[in-house]
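Asker: Construct all of the structure, not just a fragment, from the sequences and the given hints.
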Amino acid sequence: MPVSCIFLYAQTAQTAKQTLHPLLLLLPIAGGTSLTITRISMKTATLLFAVILSSWSVFAFQPHNSYQHHPPIHQHHPSSQRTTPLYAKKPAKRSKSNSSGGFGSSSKGGGFASSSSSSSSSSSKKDVSSSSPADPTKVRVVSGFTGSGTKVLASAANSFDRIRKLFGKDATTDVYVRSPLNDESTFWFVGKVIRMTEKEGEDNDNDDNSNKLVGSVLPSEIEAVISQKRLILEYAKNQLRPQNMGGPYSKNLELWTAPGDSEMDVVQNKVELVPIVGSSKDLREGFNVNDVGYNPEIYVGEEKEKGGLRVVRDNEGRPVKPVFEISG
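Heads up: take any position in the sequence shown, counting from 1, add 1162, and you land on my numbering.
By construction, these hints were calculated from the structure, which means they are not laboratory data.
A couple of the hints might just be wrong.
[As the list claims (entries may be wrong)] Restraint ranges, calculated between C-beta atoms of paired labels, are given here:
| # | residue 1 | residue 2 | range |
| --- | --- | --- | --- |
| 1 | E1362 | Q1405 | 39 to 45 Å |
| 2 | V1429 | D1370 | 18 to 24 Å |
| 3 | L1343 | S1372 | 17 to 23 Å |
| 4 | E1447 | E1360 | 15 to 21 Å |
| 5 | T1299 | P1421 | 27 to 33 Å |
| 6 | S1489 | P1410 | 36 to 42 Å |
| 7 | P1421 | D1297 | 26 to 32 Å |
| 8 | S1489 | V1376 | 41 to 47 Å |
[Stated by the list, open to error] List of simulated lysine-lysine pairs, BS3-like, C-alpha gap at most 30 Å:
| # | residue 1 | residue 2 |
| --- | --- | --- |
| 9 | K1483 | K1443 |
| 10 | K1413 | K1327 |
| 11 | K1432 | K1468 |
| 12 | K1466 | K1432 |
| 13 | K1313 | K1327 |
| 14 | K1331 | K1432 |
| 15 | K1432 | K1483 |
| 16 | K1361 | K1327 |
| 17 | K1361 | K1413 |
| 18 | K1361 | K1443 |
| 19 | K1466 | K1331 |
| 20 | K1466 | K1443 |
| 21 | K1331 | K1443 |
| 22 | K1443 | K1313 |
In this text, all values refer to a predicted model and were calculated from it rather than measured experimentally.
Every residue, glycine too, gets a C-beta built ideally from N, C-alpha and C.
Answerer: And the structure:
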């Protein structure tokens, strides 16, 4: 750094024998402190001045560090400088999926909503429909939005009640579900299906044609189950027995049947269960799902945790214990 100011003042003494030249020297040194030297001899002043001159030559070719650390006066403070904003990447659009996730794939529920329904219905996807989307005139479709299953289930139950009044027990089939990943030998009763067995019921005075066949063919027992298989399994694993059929047990669920209203005979080991094999592609041309219905099993109170009708069978659906009678 160059010396900013040097002030030299000399005064001749009154005597000729001793000449003193007091030197007033203001010299900035590191840190901004000024060094003041007064009343020194001429020889000393000359020597000191030579040292100062030599130091100037050194400083003249060496930039001071403070220049490197202090920005020019016109430079703005970093806090006042405008910076380019950073923007997050625009989120990709979600693709719409045609696959349904049970009765609404929502973790908060609603209808028969279940967080595991969408990832645990691979078996039903294979067997229920070979085409996408499913034909709503042939199968009871369960959409993937919350609460959709409630409406479909109500429609199936209303059809059951209507057809049951027309054709009764003979048109009814009891339905069971086996959950192999939970227990291979246990079969759970999950409700009943029904079908039109004649083109027209006994109520001939009904003006809304509710007693008449909607399709062009009478449904078979297998068609009554297959056309509602997705609905039955979703209800069973999400609402009826999630602790035995839902979550990690929801894959490879199987439907088995028994004659209508035969619950007591099944419990007493008098009846074998029959497996349902097939998919919606096996539904005939002219079949209409409005000609069949489903009445779900409902648990009350402690049945939700401890109860529920269940029976033990082998892999062929045959009883593993002898027949017994229920007394009283």
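Asker: Each hint needs a verdict: does it hold in this structure or not?
Answerer: The hints, checked one at a time:
Roughly 44 Å separates the CB atoms of E1362 and Q1405, a value that falls within the hinted 39 to 45 Å. Between V1429 and D1370 the Cβ separation comes to about 39 Å, which falls outside the hinted range of 18 to 24 Å. Checking the proposed 17 to 23 Å range against L1343 and S1372 shows it is violated: the Cβ atoms sit about 41 Å from each other. The beta-carbon spacing between E1447 and E1360, approximately 20 Å, falls within the hinted interval of 15 to 21 Å.
Under the hint 27 to 33 Å, the C-beta atoms of T1299 and P1421, about 28 Å apart, fit the expected range. At about 40 Å, the beta-carbon gap between S1489 and P1410 stays in the expected band of 36 to 42 Å. The supplied range of 26 to 32 Å is met by P1421 and D1297, whose beta-carbon atoms lie about 29 Å from each other. Between S1489 and V1376 the beta carbons are some 46 Å apart, a value that agrees with the proposed interval 41 to 47 Å.
Between K1483 and K1443 the alpha-carbon distance is near 37 Å, which puts this suggested pair outside the 30 Å criterion. For a cut-off of 30 Å, the pair hint linking K1413 to K1327 is broken: about 35 Å separates their Cα positions. Proposed proximity of K1432 and K1468 is supported: the alpha carbons are some 25 Å apart, at most 30 Å. Proposed proximity of K1466 and K1432 is supported: the alpha carbons are some 26 Å apart, at most 30 Å.
Straight-line distance between C-alpha atoms of K1313 and K1327 comes to about 22 Å, which keeps the hinted pair within the 30 Å bound. Restraint check: the Cα-Cα separation between K1331 and K1432 comes to about 18 Å, which is no more than 30 Å; the hinted pair holds. For the proposed pair K1432 and K1483, the alpha carbon gap of about 10 Å is at most 30 Å, so the pair holds. Annotation: proposed proximity of K1361 to K1327 holds, straight-line Cα distance about 14 Å (limit 30 Å).
Annotation: proposed proximity of K1361 to K1413 is violated, straight-line Cα distance about 37 Å (limit 30 Å). With a C-alpha separation of about 23 Å, the suggested pairing of K1361 with K1443 holds against the 30 Å cut-off. Annotation: proposed proximity of K1466 to K1331 holds, straight-line Cα distance about 27 Å (limit 30 Å). The suggested pairing of K1466 with K1443 is violated, with an alpha-carbon distance near 35 Å, which exceeds 30 Å.
At most 30 Å may separate the alpha-carbon atoms for a hinted pair to count; K1331 and K1443 meet this at roughly 28 Å. About 24 Å separates the Cα atoms of K1443 and K1313, which keeps this hinted pair within 30 Å; it holds.
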